[in-house]
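> Here's the letter readout for the chains.
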Amino acid sequence: MLTVSLNEVYSETYKALRSVGIEWGLAKDCANLSRWLVNHDYYFLGSVLKTADLYKEKKLSTSIKENNLNKPLTSALMGLLLVEYVSANKIIWKGYLHSPKFLLASMGLIAQEQNISLVLKNSKNSIIAYTNNQKLYVDTNIFNNLTGYFFMETYEFNNNCNPLSLVQNQRLEVSKINKKCWDRLSSMAFETYVPESEASKSGAGY
Amino acid sequence: MKQNYKKNQQINRCPMRQPSKVMKLERLGSFHQSRLSFTRQLINELKSNKTQFEISKWDIDNNGFGNAVIKTIFNNSIFSLVVFCHSINDEERSDRVIAEKWDMTFSLFKGVPSNIELDKMSKNLKIQELGRHLSKQLTLSRANKSVRIFRKVLDALSNGKQPSKLDINNIGYLVRTTAVYGNGKFGIGDFSFDSSKSVLNKPFQAEMLTVYLIRYFSIELINFLAEKKGGKKSVKLSNKISRHLGVGNATGLGMAPFLINHQELIHKWINTRETAISRVLSIKSINKNTQKQILNYIEQAYRYTSQWNVDDLIQANRIKNLNLDLKDIINCDELLNLLNKDYPLKSLNDYFKNKICMETEEILHSIFIEPFPDIIDDLTNQMGSVEKKSVVVGYNVKEIIEIIKENYKWALSIDVNSSDENYFFWYTSQAKLEPRIGVTNKDDGYEKQLPFDISHQVQKALKILIKLPKKMTASEAMINHPEIRNIVRRIIINKTSPYSEIQDNLVGKQMRPIDLLRCKLSFFGASKYDPKSDLWTRITLFQGAPLPHQLQEESSCDWLFPYLSDA
Numbered sequence: 001m002l003t004v005s006l007n008e009v010y011s012e013t014y015k016a017l018r019s020v021g022i023e024w025g026l027a028k029d030c031a032n033l034s035r036w037l038v039n040h041d042y043y044f045l046g047s048v049l050k051t052a053d054l055y056k057e058k059k060l061s062t063s064i065k066e067n068n069l070n071k072p073l074t075s076a077l078m079g080l081l082l083v084e085y086v087s088a089n090k091i092i093w094k095g096y097l098h099s100p101k102f103l104l105a106s107m108g109l110i111a112q113e114q115n116i117s118l119v120l121k122n123s124k125n126s127i128i129a130y131t132n133n134q135k136l137y138v139d140t141n142i143f144n145n146l147t148g149y150f151f152m153e154t155y156e157f158n159n160n161c162n163p164l165s166l167v168q169n170q171r172l173e174v175s176k177i178n179k180k181c182w183d184r185l186s187s188m189a190f191e192t193y194v195p196e197s198e199a200s201k202s203g204a205g206y
Numbered sequence: 001m002k003q004n005y006k007k008n009q010q011i012n013r014c015p016m017r018q019p020s021k022v023m024k025l026e027r028l029g030s031f032h033q034s035r036l037s038f039t040r041q042l043i044n045e046l047k048s049n050k051t052q053f054e055i056s057k058w059d060i061d062n063n064g065f066g067n068a069v070i071k072t073i074f075n076n077s078i079f080s081l082v083v084f085c086h087s088i089n090d091e092e093r094s095d096r097v098i099a100e101k102w103d104m105t106f107s108l109f110k111g112v113p114s115n116i117e118l119d120k121m122s123k124n125l126k127i128q129e130l131g132r133h134l135s136k137q138l139t140l141s142r143a144n145k146s147v148r149i150f151r152k153v154l155d156a157l158s159n160g161k162q163p164s165k166l167d168i169n170n171i172g173y174l175v176r177t178t179a180v181y182g183n184g185k186f187g188i189g190d191f192s193f194d195s196s197k198s199v200l201n202k203p204f205q206a207e208m209l210t211v212y213l214i215r216y217f218s219i220e221l222i223n224f225l226a227e228k229k230g231g232k233k234s235v236k237l238s239n240k241i242s243r244h245l246g247v248g249n250a251t252g253l254g255m256a257p258f259l260i261n262h263q264e265l266i267h268k269w270i271n272t273r274e275t276a277i278s279r280v281l282s283i284k285s286i287n288k289n290t291q292k293q294i295l296n297y298i299e300q301a302y303r304y305t306s307q308w309n310v311d312d313l314i315q316a317n318r319i320k321n322l323n324l325d326l327k328d329i330i331n332c333d334e335l336l337n338l339l340n341k342d343y344p345l346k347s348l349n350d351y352f353k354n355k356i357c358m359e360t361e362e363i364l365h366s367i368f369i370e371p372f373p374d375i376i377d378d379l380t381n382q383m384g385s386v387e388k389k390s391v392v393v394g395y396n397v398k399e400i401i402e403i404i405k406e407n408y409k410w411a412l413s414i415d416v417n418s419s420d421e422n423y424f425f426w427y428t429s430q431a432k433l434e435p436r437i438g439v440t441n442k443d444d445g446y447e448k449q450l451p452f453d454i455s456h457q458v459q460k461a462l463k464i465l466i467k468l469p470k471k472m473t474a475s476e477a478m479i480n481h482p483e484i485r486n487i488v489r490r491i492i493i494n495k496t497s498p499y500s501e502i503q504d505n506l507v508g509k510q511m512r513p514i515d516l517l518r519c520k521l522s523f524f525g526a527s528k529y530d531p532k533s534d535l536w537t538r539i540t541l542f543q544g545a546p547l548p549h550q551l552q553e554e555s556s557c558d559w560l561f562p563y564l565s566d567a
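The listed protein sequences derive, respectively, from chains A and B.
Numbering-wise, this note's numbering puts 24 at position 24 of the first sequence, and it's gapless, one number per residue.
Numbering-wise, this note's numbering puts 553 at position 553 of the second sequence, and it's gapless, one number per residue.
Honestly, the hints are just simulated from the structure, not real lab data.
The list that follows gives simulated cross-link-like pairs (lysine-lysine, DSS-like), each with its CA atoms no further than 30 angstroms apart:
(1) A:K90 x B:K471
(2) B:K471 x B:K398
(3) B:K460 x A:K56
(4) B:K165 x B:K228
(5) A:K58 x B:K460
(6) B:K152 x B:K233
(7) B:K123 x A:K179
(8) B:K24 x B:K442
Now the in silico label distances, taken between C-beta atoms and shown as ranges:
(9) A:N68 x B:Q510: 48 to 54 angstroms
(10) B:T496 x A:N144: 35 to 41 angstroms
(11) B:E402 x A:V20: 34 to 40 angstroms
(12) B:Q382 x A:S165: 33 to 39 angstroms
(13) A:I142 x B:R132: 36 to 42 angstroms
(14) B:E406 x A:T140: 43 to 49 angstroms
(15) A:E191 x B:K355: 51 to 57 angstroms
Sample of chain B residues lacking proximity to chain A, with all beta carbon distances greater than 12 angstroms (derived):
(16) K101
(17) K229
(18) K240
(19) N309
(20) K467
(21) L547
Even for Gly, the Cβ is constructed at its ideal location relative to N, Cα and C.
Build out the structure end to end from the sequences listed, making use of the hints.
Structure (structure tokens):
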């Protein structure tokens, strides 16, 4: 196991996703969501690596309309955009999601920053998670992070909502992660760097 | 009698300057240190908290090698500077960030390190970026002795003499750092901005405390070595000379992207500075004592610029003009009359603004805000920021286009197809993962460029946006066109944080990266900028700052322009 900081989680994820050609804005979103997940004691690294692999293989959708079980919408890359879109347009979104924990992170972030109330349900119409008063609540008995069909919408909070578990910051210290996976993420990030040259030396105090 | 300047301000009398005026590279590159600078904030905090300093470990041998720990008790929290001094050959000593050996390596540690933690640090600190560091470490740094002065000072002190003031002033420091890393780099602890915390909560305070303690260590070290070398005939550095010694720093492109990547934070810094300027220009009258202070600071600025010597021709010329302007202001017959008028600082500003260069305009702003802690210092609490990760919802396409047309006129006016406007590209170098710039069609790495071509991105986004329904939400526009998410996020931030965008083409041929460095360094509180090219500069931090034992003296916080008499 390796100990890394939140800043390293953010910066290595950001760069690693850029190395497979993901747009700057989406890579940044995913890096922020990864940091949120780490900060709330969720695993992130395996999902980010899987997302990068599937993205390269074109097995993930970035379309909120065109997605299915075989090509689900990537919530690691599109999760934050999706919650913003649902919040702004006040619509019910439904579709297939890959790695939905990134959507939970997105809901948590937008609740905290913009105090928007959202609810996420599974295909059986059971509430998996909702946000209220800047906090995220999750039903840990139902939520399993598997690819599946989901519904998300904004809602007016009332006291009839099922009391789910509050997701809180676990810690602000470092995270212990799998070294082999981290090395892979770092090697992907390394691909975004440019080899040393005479030109690059000029900014280094020569 | 002390005047209450809070009541004396006519709110909104002098509106803040527009971003279109302030956020130009040339102006940002003319900023000077001020009482808002982070070094100044740290000294104020150290003083007000009656911070205690203690050398809790001094395991340094007669050659200056070994380990030391300096403990600071700061508002009931303990921070320790852990120091390791190493033996290196002269040819291994380099300003380059890509160097691999240093005379000294440092870390600011939260609490007091145990022997096990010290042992871990002894193995990892000396290799800096290649090591894995502890989360209790808040910073990571290294420094080299100034070969130009360290031995000279040691020889003088060990022979019972004070060093030459001319040498001290020309160099300004005994050691020079080449990097001070913070905020989670290489495994060290993350910075978490939390306005409810009072210790080292403001931006870059952990880094500044590190540098301040390095300065303290460098003076203790030279005194220790002089005594070991000279025995009874040796003397310690005088307080006056010690106080004029800061810590040198060689700074390159590594810090430039910070200004581009942290829009909300940069807005806060500039907004704070502009608010401060607006507040003091809105003061209706000032008493004789404050007039005297203003005149003194102008004199001090003149003396400071007289001792600011650099080899770089562009900066030397700017300093010369600045120095001449200050002399003209001092000799101006109207000066006292201006200070006796209503809105005296505005009058002075207006009288000179077309007669002086940009460097002088900005140094006057540093001077104007200096005597008014009662209406300025509260602003320092607004310089930190928790940056939003989500994009604020509620904007539609029409509104985004309006923001572009209003706030990004500068970007729309750039001919993005011209080769001169695509002259540079920014990238991250494999060597120490530092940002660099390359020349398009000449240097390798263009395909891996960083997204700093803001004007180009704005124009591309506008072309997409104008084809979309005006009432479509910005969120829907971005979800359908993820390629514009990065720039639309910037545009929305700029709507509420108007000082968040540098209004020049950062990949254009006219761009001088040194301006970006200088802007950031002015907020750090750097003095004596000494550019070595357009790409890197040497500076001095904490020159003129009180030493730990001087912190409680009455005038300890009065060190805007370092100056050494008889130098």
